[in-house]
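> Quick note, the sequences are listed as chains A and B, same order.
Count the first sequence with the numbering used here and you get residues 1 to 386, in order.
Count the second sequence with the numbering used here and you get residues 387 to 467, in order.
Check each hint, because a few of them may be wrong.
[Stated by the list, open to error] Derived DSS-like pairs (lysine-lysine); straight-line CA-CA distance at most 27 Å:
hint, chain 1, residue 1, chain 2, residue 2
1, A, Lys321, A, Lys109
2, B, Lys413, A, Lys267
3, A, Lys163, A, Lys267
4, A, Lys333, A, Lys109
5, B, Lys413, A, Lys2
6, A, Lys163, B, Lys447
7, A, Lys333, A, Lys321
8, A, Lys163, A, Lys109
Rather than coming from a laboratory, the hints here were simulated on the basis of the structure.
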Amino acid sequence: MKFIDEFRDGRIAASVARSIHGEVMAGRTYHIMEFCGGHTHAIARYGLPELLPASIRLVHGPGCPVCVLPISRIDAALALARDARVMLCTYADVMRVPASRRQSLLTAKAAGADIVMVYSVRDALSVARAHPEREVVFFAIGFETTTPPTAAAILEAERTGLKNFSVICNHVLTPSAIQSLLDSPEVRRVGGVRIDGFIGPSHVSTVIGSRPYEFFATEYEKPVVIAGFEPLDVLQAVWMLVRQINEGRCEVENQFTRAVTREGNRKAQALVGQVFELARTFEWRGLGEVPYSALRIQGRYARFDAERRFGLAIKSVPDHKGCECGAILRGLKQPQECRLFGTACVPDNPLGSCMVSSEGACAAHYAYGRYRRDVVPLQHASRSAS
Amino acid sequence: MCLALPMRVERILPDELAVVEMGGVQKTVSLALVDGVAEGDYVIVHVGFALTRLDAVEAHKTLALFAQIAQATGEGGGGEA
Ligand code: SF4
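Starting from the given sequences, assemble the full structure and let the hints guide the process.
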């Protein structure tokens, strides 16, 4: 596949890895946090840590939108789904996120609630058009990549006079999450989490551009390299970060120039600005309440806001006692350090949110890390015909 | 959730829609988030929407850089990039 296979060439990967081995300084360690579920997945899938020097530690951050979704929001969706008028639509990954009392949208669906799995918010609009007698509610999650589609859908619903469509908005903001992480006492405390640099998200950055990260480079003195999702992209970004760290530079560099500019996608930004505004606070799994870290639907589109339309109550609930998702999302622990990992908690029956999506740290480690048998070997581009 | 892939625009349809193709699979996506997309362009598709156009010139620059790295580390020829 064009613009995919070329970036999975195993021979080049070996070369870039060799350059990284040549670049690292003896006696020094490099803690690099990747912030995006897509990177977590790519790193596990292609076994990239094995190619890298032992002195490079890749740390997962809270970049998987399913993993940071708190129980309270799913509980609210479950309560709404029990209303016989309502058809609840959402992305597949949300279905298995564990909520209170070991319930999930999937168990509610099995018990008869009308819950529809959709690939796109456009499908939710189609469901609403096909069922004018029902209330179709889209449970929207995601970072800056899925927010513009939700905005476009709300505007389309308004334009076409669709009256039975509304949205539970769980859209969160990447820069706020990074900031909350850098401000957290664990990261500030010497000996806590160490982060020497960030691999910046791929597709979030296509929308917001590279500019928002400049703040981290100057204010927190952390280098950032925005990287694509393919294994060569990630390796090159690691190399660029190692160089910045060695040279004491803290800059925002862009490895993913084929899709990311400094300004980002202005049209998508404008649509988001038209429909959404900053929410004063939002609860994140693992990070707790983070001020100004999410979006809510503006007052003039209130009728599309399911929280207002149905007066939803969002009540904070503690996570499963043994679950270490909170520590994992903050880079404090690795999945294997959770007692429940691979025993009580497996992808088919997740206890915590990090085990749900294939981009979650626990699910990625389970699929590719535990026995390492599923790791996809990098091949020569001309031979990989997938 | 975050996965998004480059796909080739085969046909522009009315209502800001387009047919895109990848690895022999075609689907219809929305172009509501990007201006000026033409047939033959590559776009990065996520949850049924084109998020951005893929800049082929920049892609080739990155690949050329990889070829250089391979050469410098003694991996031989620059490949076909
Ligand atoms: S293994 Fe399961 S219970 Fe443990 S941290 Fe991961 S998601 Fe939570």
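> For each hint, tell me whether it holds in the structure or not.
To see whether the hints hold, each was checked on the structure:
Straight-line distance between C-alpha atoms of lysine 321 (chain A) and lysine 109 (chain A) comes to about 26 Å, which keeps the hinted pair within the 27 Å bound. Of the pairs offered as hints, the one joining lysine 413 (chain B) and lysine 267 (chain A) holds, with about 23 Å between alpha carbons and a cut-off of 27 Å not exceeded. The hinted pair formed by lysine 163 (chain A) and lysine 267 (chain A) meets the criterion: a straight-line CA distance of about 26 Å does not exceed 27 Å. Between lysine 333 (chain A) and lysine 109 (chain A) the CA atoms are separated by roughly 33 Å; this puts the pair beyond 27 Å, and the hint is violated.
Note on lysine 413 (chain B) and lysine 2 (chain A): the hinted pairing holds, with a Cα-Cα distance of about 17 Å set against a maximum of 27 Å. Of the pairs offered as hints, the one joining lysine 163 (chain A) and lysine 447 (chain B) is violated, with about 48 Å between alpha carbons and a cut-off of 27 Å exceeded. For the proposed pair lysine 333 (chain A) and lysine 321 (chain A), the alpha carbon gap of about 16 Å is at most 27 Å, so the pair holds. About 24 Å separates the Cα atoms of lysine 163 (chain A) and lysine 109 (chain A), which keeps this hinted pair within 27 Å; it holds.
Consistency with the previously given hints fails for numbers 4 and 6, ordered from lowest to highest.
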